[in-house]
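Asks: Modelling step: build the complete structure from the supplied sequences, incorporating the hints.
Take the sequence shown: its position 495, counting from 1, is numbered 495 in UniProt numbering, and each next residue is one higher.
In case anyone wonders, no lab produced these hints; they're calculated from the structure. Model, not experiment: these values are computed from the prediction. Mixed in with the good hints, there may be bad ones.
[As the list claims (entries may be wrong)] Below are the BS3-like pairs computed for lysine-lysine, each with C-alpha atoms no more than 27 Å apart in a straight line: (1) Lys378 - Lys362; (2) Lys675 - Lys628; (3) Lys19 - Lys49; (4) Lys137 - Lys107; (5) Lys718 - Lys698; (6) Lys342 - Lys378; (7) Lys727 - Lys675; (8) Lys727 - Lys412; (9) Lys362 - Lys324; (10) Lys132 - Lys180; (11) Lys369 - Lys324; (12) Lys412 - Lys675; (13) Lys412 - Lys718; (14) Lys698 - Lys628; (15) Lys107 - Lys132; (16) Lys19 - Lys137; (17) Lys888 - Lys903; (18) Lys628 - Lys342; (19) Lys324 - Lys378; (20) Lys342 - Lys324.
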Amino acid sequence: MTPSHLPRQVDVSSQILSKLDSVTFQSLDSAVASSWRAGLDESIHLTKKRIHDRIHANLPAFEAQLASARSAQQRLQGLTSDVDALNHAVLDPETGLTPILLAALRKHQALAQAFLNADVLHASLSHLSECKIQLEKVQHLMDSGDLPAAVPASARLAQLLDSTPPPLGEATITSDIRSKLRVLTNRLEELLNNAYTQGLVVSSTDVIIRPFVPVPNAQKPIPLSAILSSLSSSSLSAHMASLRRDITTHYIDHTLIHPTSLSFSQEPDQFGSFIHRLQRLPSSTKDDSRPLSNLSRILEFMNDTLFPCLPQSQREIFPRSLAKPLTTSIMTRLLIPSLPLKLDSLPAFLELTGASVDFETKYVVGLLKGDTFEREIKSWVDNVCAHYERGRRQRILDDVRRIILASVSRPKDTFSAELVTVIEVTQPSVEPTPVVAPVAADGWNPNGDYTLKTDPSGSVVDAEDAWGFDDDDEESQEEPASKPEPLEEPEPDPNEAWGWNDELAEEQPETSTRISAAITPDEPSEQDEVWDDDPWADDSIANKLDHASVTPSVVAPPQPAPAASASSSRHQPLSNGHPSTNGHVANGHHPPSKSLQNASIVNKEPYPVSVLIRRIAQAVEDALHEGKALASSGIFSKFTFPTSTPGTLIMQSGALVLDLYRALYPVMAASRMSKPAGRMQFSNDCSYLSEEMGRMLKREQGLSDVRERLEECKDDLKVLADSWFYKGIDEQMTALEDVLADADGFVDTSDQERYDECEMVITRVLRDVRSTAHAWKPMLPKSKYYTAVGLVVDGVLSRILDSILVISDIPEVESRKLSELCRILTALEGLFVENTSESSFVVSYVPSWLKFSYLSELLEASMADLTYLFEEGALVDFEIDELVMLVKALFADTPLRTKTLDKIMNGHPVR
1 MTPSHLPRQV DVSSQILSKL DSVTFQSLDS AVASSWRAGL DESIHLTKKR
51 IHDRIHANLP AFEAQLASAR SAQQRLQGLT SDVDALNHAV LDPETGLTPI
101 LLAALRKHQA LAQAFLNADV LHASLSHLSE CKIQLEKVQH LMDSGDLPAA
151 VPASARLAQL LDSTPPPLGE ATITSDIRSK LRVLTNRLEE LLNNAYTQGL
201 VVSSTDVIIR PFVPVPNAQK PIPLSAILSS LSSSSLSAHM ASLRRDITTH
251 YIDHTLIHPT SLSFSQEPDQ FGSFIHRLQR LPSSTKDDSR PLSNLSRILE
301 FMNDTLFPCL PQSQREIFPR SLAKPLTTSI MTRLLIPSLP LKLDSLPAFL
351 ELTGASVDFE TKYVVGLLKG DTFEREIKSW VDNVCAHYER GRRQRILDDV
401 RRIILASVSR PKDTFSAELV TVIEVTQPSV EPTPVVAPVA ADGWNPNGDY
451 TLKTDPSGSV VDAEDAWGFD DDDEESQEEP ASKPEPLEEP EPDPNEAWGW
501 NDELAEEQPE TSTRISAAIT PDEPSEQDEV WDDDPWADDS IANKLDHASV
551 TPSVVAPPQP APAASASSSR HQPLSNGHPS TNGHVANGHH PPSKSLQNAS
601 IVNKEPYPVS VLIRRIAQAV EDALHEGKAL ASSGIFSKFT FPTSTPGTLI
651 MQSGALVLDL YRALYPVMAA SRMSKPAGRM QFSNDCSYLS EEMGRMLKRE
701 QGLSDVRERL EECKDDLKVL ADSWFYKGID EQMTALEDVL ADADGFVDTS
751 DQERYDECEM VITRVLRDVR STAHAWKPML PKSKYYTAVG LVVDGVLSRI
801 LDSILVISDI PEVESRKLSE LCRILTALEG LFVENTSESS FVVSYVPSWL
851 KFSYLSELLE ASMADLTYLF EEGALVDFEI DELVMLVKAL FADTPLRTKT
901 LDKIMNGHPV R
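Replies: Printed below as a string of structure tokens:
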């Protein structure tokens, strides 16, 4: 046998078929067919021969296999005959076993089905009969008015229908019975609801309870308790919820809100029982204790007439469900609204709270079975002091909030306050020797023996910190030999507060503010020219100081800018190589005698403060007084206070008032405070309020619980005042720097167009600075005004100085143009002059003024002038690198410039 994976040998028949397929009709003839037949015969012969040879090759084995095959054939024939006989015995239609068995099974099946049908029919008929009887029973009970008995009968019918045999589940008669039961159940529920509404009526005017309710077709009335017990759980729950709502709304809440009188009555009905009636009537008098009395009578009425009629499932649940609404209503509608606004009303209120606690104990916990561990009224009453104080605190804050919101629409309501500085001047007790002491070139007298102090609440300023930039020439005057009396405090003049002959340096003394008078004028509009309505245009203080002169003669100067350096005042700029008359002349002083006595001089500076601040301060003071009065009254002595003493929360309201002002006012007045005058006005208000808090803390005693918090608020207000003061300055400096940016560094000013652009920028800066000063002058005290304007001017000059000093090459024409531009800003010196008879004190407030003035001179100075100024120490405000860059930019590279540069590189001369 050829293996399956090897190709099979092509047999003869396949070869002949292939040849037959390839032959054509013309080539097919008898010879070809004969050859194919001969080949086929030959192939058959060869096959037979191979078979014969194969058999005879092992003949014994072949014969054994042949005998086996014949034996198997015989056995197969015998088995086939036996199977045929068995098949005939089993399947024969007449005598076979299978047809006979199947016929017997069919008869048994028919008999069993008949029995089952009879049994199901019997069960269904029996169930239908029971349903019919129960349906007729329900119908009869309803027709006779026996509604309580009809309820369990209908329930029994419903159970029967639920247990209906499967054959009746979808039957028409079952559906009809279900429909009839549904109708009867709805009708029964309706009759019970009608009976309930007749037996229990709760309206806005009265409550009617009938213990027995008449029902149509009933022989006798039905008890209200039976009706309530017969209601379905859903209907009962709905009725109880509605009843609870009506009682709470019409009798609990209404009694607590409105004056009410109650009337109770019993009326006999036709069945021999009594109808209970509770009638609510309006009352013309209001008594705080009457609501609790009315509630007591209402609950007792309910306990006697209604609660016994409730079904067992609601007999405890329903009264307990009234406890929470009753407690909430007493607290929200009686106790909290009755919180008094005055201390005098507290005793009556405490009596009311005691009655409320007793009511809760007897009725809420006792009668209604409320939770004994959650006694909300008692817990609230135990903390009644805190509730009273929180209510007062909320009322105080609400009043202050309304005041702040109302003040936003009235920005011009201000009063004039005064910044008061007390200056202590030492005077001799004997006649001094008239010796003139030399004064340093900067006008500072190191031997001047005087001290500065504020009002009694202020701090003393060291006399060594005082500077003499603005000392005017003064005549020495002899003192009488007798001991002089101390100088009297001069009358305050709101238009003038300063003497101009001395200066305070590093530290500014603490000041006090005093209310002076009236309402300030409208906020001034920005103008370029110097204003006429000078609020400080009087020399009363200076004149009084002259009349009360002592030895040495010392008068309080305007407060200098903290950044002013002593070196800035050593030399005045030269004009064409000569000293300018723009500085201050040194004054002669007498040395002090050995025995000295202090005399006080009061310096007062008026400034406007919003009327709102006075009301804020008054609100704080009132809160402190009210808290102290509550603490001293002892009205809460029977209560325990584990956290704080009575009155503390009200006194803490003072700090909250200040916090509310700081948080609310800047937001509500944002549009106003975006203007320069508005920022400074807010700074004034915070500063005045801070000082007022300081005075209040010194006046008031017994503030140990809140003093630290008020001190913190006072400091916060001071910080806020300074922040807005310097923020206003920074805003103006930023705006002016944006204007100066248009000058593009002041380069190429030799070109006329560039010079015109730079001149427009400088002119605009001058106008804007004057406008800002004009807006600030009526808003700020004199010392703060000059400090603010000085910082703005110094920022402008420093920016221009930086721009010019970095120019690497300045031709002669350009240097002259730059000098002309610088001289335009010398008009700003007029902002620091009180009157034409006095010298300017610009140097005290603008540290870069002398440097800027010298720069305008140096731009047109010769090498000799520059060398002279340097050797004299007049250029000490310039850094060495700045002078080197300026010399290189102004002068050509010559041996003289090299010599001058070498001298400059050696540093400033030592004086």
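Asks: Evaluate each hint against the coordinates.
Replies: Right, here's what the structure says about each hint:
no., hint, verdict
1, Lys378 - Lys362, "holds (12 Å)"
2, Lys675 - Lys628, "violated (41 Å)"
3, Lys19 - Lys49, "holds (26 Å)"
4, Lys137 - Lys107, "violated (46 Å)"
5, Lys718 - Lys698, "holds (17 Å)"
6, Lys342 - Lys378, "holds (23 Å)"
7, Lys727 - Lys675, "holds (11 Å)"
8, Lys727 - Lys412, "holds (22 Å)"
9, Lys362 - Lys324, "holds (15 Å)"
10, Lys132 - Lys180, "holds (11 Å)"
11, Lys369 - Lys324, "holds (11 Å)"
12, Lys412 - Lys675, "holds (14 Å)"
13, Lys412 - Lys718, "holds (23 Å)"
14, Lys698 - Lys628, "holds (15 Å)"
15, Lys107 - Lys132, "violated (38 Å)"
16, Lys19 - Lys137, "violated (106 Å)"
17, Lys888 - Lys903, "holds (14 Å)"
18, Lys628 - Lys342, "holds (13 Å)"
19, Lys324 - Lys378, "holds (14 Å)"
20, Lys342 - Lys324, "violated (30 Å)"
Violation of the numbered hints given earlier is confined to hints 2, 4, 15, 16, 20; the remaining hints are satisfied by the structure.
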